[in-house]
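So in full-length UniProt numbering the end of the sequence shown lands on 149, straight run, no missing numbers.
Possibly wrong hints are sitting among the right ones.
[To be verified] In silico lysine-lysine, BS3-like type, Cα no more than 27 Å apart, as pairs:
id	residue 1	residue 2
1	Lys29	Lys139
2	Lys46	Lys82
3	Lys29	Lys82
4	Lys82	Lys139
The set of hints was computed from the structure by calculation and includes no laboratory data.
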Amino acid sequence: MKKYLLFILLCLASNLFAISPKGLYLSPKFMFSHDANNAYIKDNGKQGYFNYLGFSLALGYGITTENTVSPVRLEFEYSIGKAVGMKKNFLTHTLLGTIYYDINFFFTNEEVNNQTKEDILKNQYPLFSIYLGFSIGTKVNTQLKMKKL
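With the hints as extra help, turn the sequences into a complete structure.
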């Protein structure tokens, strides 16, 4: 029973935080990447490339202001990835910090108070938005023992 409740909480966590107009959110992400720059030699002698599957969890905060919908968000992300189709173990853990600036074309001429801000964040905010971002991060550790070309 505890496993099911934890699973439901994790699935709905981003929706629960999105209900609050305060700006805190939790964002699960699934990742796939193909690394064509680093090739390795397979057991059969052919050239192979790394494909990664991963999962990340980001905790973000949209900075709130008194009279406007703030375009600035801060986000901290932890991700774990695994190379696909390799016999040897390859895991990577990364940490990433990001500052986003959302470019909102929709709310520039709207006077915002607490009620309209809540309405904008809950009902009128666009599903997708254009944003600029700056990220800095690092790999926590990697484990890889394959011959490079």
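Now the hints, each set against the structure:
For a cut-off of 27 Å, the pair hint linking Lys29 to Lys139 stands: about 17 Å separates their Cα positions. Between Lys46 and Lys82 the CA atoms are separated by roughly 21 Å; this keeps the pair inside 27 Å, and the hint holds. About 15 Å separates the Cα atoms of Lys29 and Lys82, which keeps this hinted pair within 27 Å; it holds. Proposed proximity of Lys82 and Lys139 is supported: the alpha carbons are some 13 Å apart, at most 27 Å.
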